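Residue strings, one per chain:
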Amino acid sequence: ETGVTQSPTHLIKTRGQQVTLRCSSQSGHNTVSWYQQALGQGPQFIFQYYREEENGRGNFPPRFSGLQFPNYSSELNVNALELDDSALYLCASSFPTGGEQISYEQYFGPGTRLTVT
Amino acid sequence: AQSVTQPDIHITVSEGASLELRCNYSYGATPYLFWYVQSPGQGLQLLLKYFSGDTLVQGIKGFEAEFKRSQSSFNLRKPSVHWSDAAEYFCAVEGNKLVFGAGTILRVKS
Numbered sequence: 001e002t003g004v005t006q007s008p009t010h011l012i013k014t015r016g017q018q019v020t021l022r023c024s025s026q027s028g029h030n031t032v033s034w035y036q037q038a039l040g041q042g043p044q045f046i047f048q049y050y051r052e053e054e055n056g057r058g059n060f061p062p063r064f065s066g067l068q069f070p071n072y073s074s075e076l077n078v079n080a081l082e083l084d085d086s087a088l089y090l091c092a093s094s095f096p097t098g099g100e101q102i103s104y105e106q107y108f109g110p111g112t113r114l115t116v117t
Numbered sequence: 001a002q003s004v005t006q007p008d009i010h011i012t013v014s015e016g017a018s019l020e021l022r023c024n025y026s027y028g029a030t031p032y033l034f035w036y037v038q039s040p041g042q043g044l045q046l047l048l049k050y051f052s053g054d055t056l057v058q059g060i061k062g063f064e065a066e067f068k069r070s071q072s073s074f075n076l077r078k079p080s081v082h083w084s085d086a087a088e089y090f091c092a093v094e095g096n097k098l099v100f101g102a103g104t105i106l107r108v109k110s
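For the protein sequence lines, the chains are A and B, in the order given. Numbered per the working numbering, the first sequence spans residues 1 to 117. Numbered per the working numbering, the second sequence spans residues 1 to 110.
Careful: at least some of the hints might be erroneous.
Per the computed footprint, the stretches of chain A lying under chain B, defined by three or more beta-carbons under 8 Å from a beta-carbon of chain B, are [claimed, not checked]:
1) 44-57
2) 108-116
Have a look at the derived ranges for each label pair, beta carbon to beta carbon [claimed, not checked]:
3) A/Pro70 to B/Glu66: 36 to 44 Å
4) B/Ser84 to A/Ser7: 25 to 33 Å
5) B/Trp83 to A/Ser65: 40 to 48 Å
6) A/Glu53 to B/Arg107: 41 to 49 Å
It is worth saying that the hints were derived from the structure and are not from the lab. For clarity, every value in this text was computed on a predicted model and none was experimentally measured. Ideal Cβ placement from N, Cα and C applies to all residues, glycine included.
Produce the entire structure from the sequences given, and follow the hints as far as they go.
Structure follows, in structure tokens:
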């Protein structure tokens, strides 16, 4: 069973540029969540995709957008990069166990370290 | 809104000593609670979770946590710490999204 993978591992961009980060979910998982972890902080929820549809969003501006593909892999796109976007971006995949509450075990990838200069 | 507080930013314990990491949460309904561990440069690994039932939950690597509704707490414990436990630990609560605390960095001294 393949775990969650993310690419690239590290990335350096300039302020104002655009970036795309990629995530392959664990086999059998149809839900992908993205998190931003700034240095010295806990991860913050950006958004979640379930069966190719956005299924919840945190307090991030619209320049943070995403996609989920039919194979349940996902992309996170960030436009007009700002210095404060420098962080570790984590992807997590999961499979819903049912019920109204969106609670499942989430399996995290190793993250992409984005540095904006 | 959900929130998680981990009061201790850093904790140092001696190898072989017991450990307790504190976590307090705020959530209106019955929470789903988690503890994750993160080693430097790594993603997050789930240690244990509480969904319902027995309030004392066992996890991997000898960790356990106790859910106390009256105190809105979900503290992580380990009876005997190993040097390999040095890492950052995150408590998280899930309602309609997963909300993490700021983390506690555990240092183990030999």
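Query raised in the report: Has the hinted range 41 to 49 Å been met by the Cβ atoms of A/Glu53 and B/Arg107?
Result: holds (43 Å)
Query raised in the report: With a cut-off of 8 Å between beta carbons, are at least three residues of the region 44-57 of chain A near chain B?
Result: With 4 residues closer than 8 Å to chain B, the region 44-57 of chain A meets the three-residue bar; holds.
Requested in this report: Report holds or violated for chain B covering the region 108-116 of chain A, Cβ cut-off 8 Å, minimum 3 residues.
Outcome: Satisfied; 4 residues make the cut.
Query raised in the report: Has the hinted range 25 to 33 Å been met by the Cβ atoms of B/Ser84 and A/Ser7?
Result: Given about 28 Å between the Cβ atoms, the range holds.
Query raised in the report: Do B/Trp83 and A/Ser65 keep their Cβ atoms within the hinted range of 40 to 48 Å?
Result: holds (43 Å)
**Report entry** Whether the CB-CB distance between A/Pro70 and B/Glu66 falls inside 36 to 44 Å
**Finding:** holds (42 Å)
When each numbered hint is compared with the structure, no violation occurs for any of them.
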